[in-house]
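Undergrad: Can you join these two chains into the complex? Each is in its own frame, and there are hints to help.
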Amino acid sequence: GEDVEQSLFLSVREGDSSVINCTYTDSSSTYLYWYKQEPGAGLQLLTYIFSNMDMKQDQRLTVLLNKKDKHLSLRIADTQTGDSAIYFCAESLGGGADGLTFGKGTHLIIQP
Amino acid sequence: DAGITQSPRHKVTETGTPVTLRCHQTENHRYMYWYRQDPGHGLRLIHYSYGVKDTDKGEVSDGYSVSRSKTEDFLLTLESATSSQTSVYFCAISESGGYETQYFGPGTRLLVL
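For the protein sequence lines, the chains are F and A, in the order given.
Under the working numbering, the letters of the first sequence match residues 1 to 112, in that order.
Under the working numbering, the letters of the second sequence match residues 113 to 225, in that order.
Next comes chain A alone, as it looks inside the complex (with noise of 0.2 Å):
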């Protein structure tokens, strides 16, 4: 299995709280994204990163921003959760995106409440 790892594996949280989740890979691969998980809608991108300080916009990145300072660590945060963020989150790695596999986490289960 790819080296990642995300924290919080389960958070519950309030309406209008910040939350931030973290993914952590080992494999030293460029590529890195954030997809959520909801039922009749499969898996959505949020946001990717294609290097260190490089991130651009997925289908649904509103109330969503992200950073990655180093090439292992890429963090999402929502500045202030909403009910609809409820979610599992998914972040996965690649290579060299593109032509390239992209290897999943094990996701986090958030409820906004």
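In isolation and in its complexed conformation, chain F is listed as follows (with noise of 0.2 Å):
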């Protein structure tokens, strides 16, 4: 079956990096995604990788990947105030229509 999983919380001072983790137990998913959302707001769409790389930045972002176990992690340099929210792992099997399947969340607390 597919589950996602990441820790509810992460506290990080202004001006540090964040490191959010996520694992996953589908192999065959193709593509998986990082979410943002901030409060009453809907998801955005931060940054995705596909499953045959290993790695992939996006000026702050750094998005890194292991499948040989199972690991996903979304780094964010330099982290502000405006980086506090709610970031959500998602997986997608890819070659259907059939959704994506998301992880809790993670609450990324920013410390001045």
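Among these hints, one or two may not hold up.
Each computed SDA-like pair below joins lysine to any residue, with the alpha-carbon atoms no more than 25 Å apart [claimed, not checked]:
no.	chain 1	residue 1	chain 2	residue 2
1	F	Lys36	F	Gln59
2	F	Lys104	A	Gln197
3	F	Lys36	A	Gly175
4	F	Lys70	A	Gly152
5	F	Lys56	A	Ser208
6	F	Lys70	F	Leu108
7	F	Lys36	A	Ser119
8	F	Lys70	F	Asp26
9	F	Lys36	A	Arg142
10	A	Lys169	F	Ser28
11	F	Lys36	A	Ser192
12	F	Lys104	A	Glu126
One side of the interface only, derived from the structure: several residues of chain A facing chain F at Cβ under 10 Å [to be verified]:
no.	residue
13	Ile116
14	Gly154
15	Thr213
Computed footprint of chain F on chain A, listed as stretches where at least three residues anywhere in the stretch have a Cβ under 8 Å from a Cβ of chain F [what the hints assert, rightly or not]:
no.	region
16	155 to 161
17	177 to 187
Quick caveat, the hints were computed from the structure, so don't treat them as lab data.
For glycine and all other residues, C-beta sits at the position ideal for the given N, C-alpha and C.
TA: So, in structure tokens, the structure goes:
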């Protein structure tokens, strides 16, 4: 079956790097996503990675994928107060239309 | 931002009443999805559509039905609302499903008393 696990909370100091981790169980996942949700808002796509890649970098965001361990991480460099949000990891099996499987989300808390 | 709107944005209703939520897109995307978001559960797929009049069930479809008579509109109906259906409902769209990224609407907060 499909399951995506994330820790519920992460607290970091402003200016430090944040690393949000995710594990998934379905080895046939083809795309893995990170979404951001600010309070009272919908989900905003941050980035995604195809399963044949190990790393993807986009400005302050770095995604690392370890397929052997089924582990995905999102690193946010120079964390700012505007990064405070819930971050969701999601997987898509690809090749079909049957939606994404989401983790429960990680609340990123920024300390001044 | 993808052109996705949801209506209503907030609704309070009573147990046993029917409720219909609407998702409208201006992107002409083929695939549309309904999710619900609950504390401790993340987002869970309710139903999805892969074309006009083509729909299928997701993980938590019991108590919900959907319809898609036009490309741009995807309706979610709670035939007889229950308190367990109090949630935030999100619509998403995708151009071709599968590999394609999903874009989300702003959500509808539903409270069933």
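Undergrad: Are the hints correct? Go through all of them and say.
TA: Each hint tested on the structure:
1. Among the hinted pairs, Lys36 (chain F) with Gln59 (chain F) is consistent with the structure: their alpha-carbon atoms are about 16 Å apart, no more than 25 Å.
2. A threshold of 25 Å between alpha carbons decides the hint, and for Lys104 (chain F) with Gln197 (chain A) the separation of about 18 Å falls inside it, so the pair holds.
3. Taking the CA atoms of Lys36 (chain F) and Gly175 (chain A), the gap is near 29 Å; set against the 25 Å cutoff, the hint is violated.
4. A hinted pair counts as satisfied when its Cα atoms are at most 25 Å apart, and Lys70 (chain F) with Gly152 (chain A) qualifies at roughly 22 Å.
5. The straight-line distance between the Cα atoms of Lys56 (chain F) and Ser208 (chain A) is roughly 23 Å, inside the 25 Å bound, and the hint therefore holds.
6. Annotation: proposed proximity of Lys70 (chain F) to Leu108 (chain F) holds, straight-line Cα distance about 22 Å (limit 25 Å).
7. For the hint linking Lys36 (chain F) to Ser119 (chain A), the alpha-carbon distance of about 22 Å falls within 25 Å, and the restraint holds.
8. The suggested pairing of Lys70 (chain F) with Asp26 (chain F) holds, with an alpha-carbon distance near 8 Å, which does not exceed 25 Å.
9. Our distance criterion of 25 Å between C-alpha atoms is met by Lys36 (chain F) and Arg142 (chain A), whose separation comes to about 24 Å.
10. Simply put, Lys169 (chain A) and Ser28 (chain F) have alpha-carbon atoms about 21 Å apart, close enough for the 25 Å limit, and the pair holds.
11. A threshold of 25 Å between alpha carbons decides the hint, and for Lys36 (chain F) with Ser192 (chain A) the separation of about 32 Å lies outside it, so the pair is violated.
12. At most 25 Å may separate the alpha-carbon atoms for a hinted pair to count; Lys104 (chain F) and Glu126 (chain A) exceed this at roughly 28 Å.
13. Annotation: interface hint on Ile116 (chain A) holds; nearest CB of chain F at approximately 8 Å, less than 10 Å.
14. Interface hint at Gly154 (chain A): satisfied, since its Cβ lies 4 Å from the closest Cβ of chain F, which is below the 10 Å cut-off.
15. Checking Thr213 (chain A) against chain F by beta carbon gives a least distance of about 6 Å; that is within 10 Å, so the hint holds.
16. Counting residues of the region 155 to 161 of chain A whose C-beta lies closer than 8 Å to any C-beta of chain F gives 4; at least three are required, and the coverage claim holds.
17. Requiring three or more residues with a Cβ within less than 8 Å of a Cβ of chain F, the coverage given for the region 177 to 187 of chain A is violated, as only 0 such residues are present.
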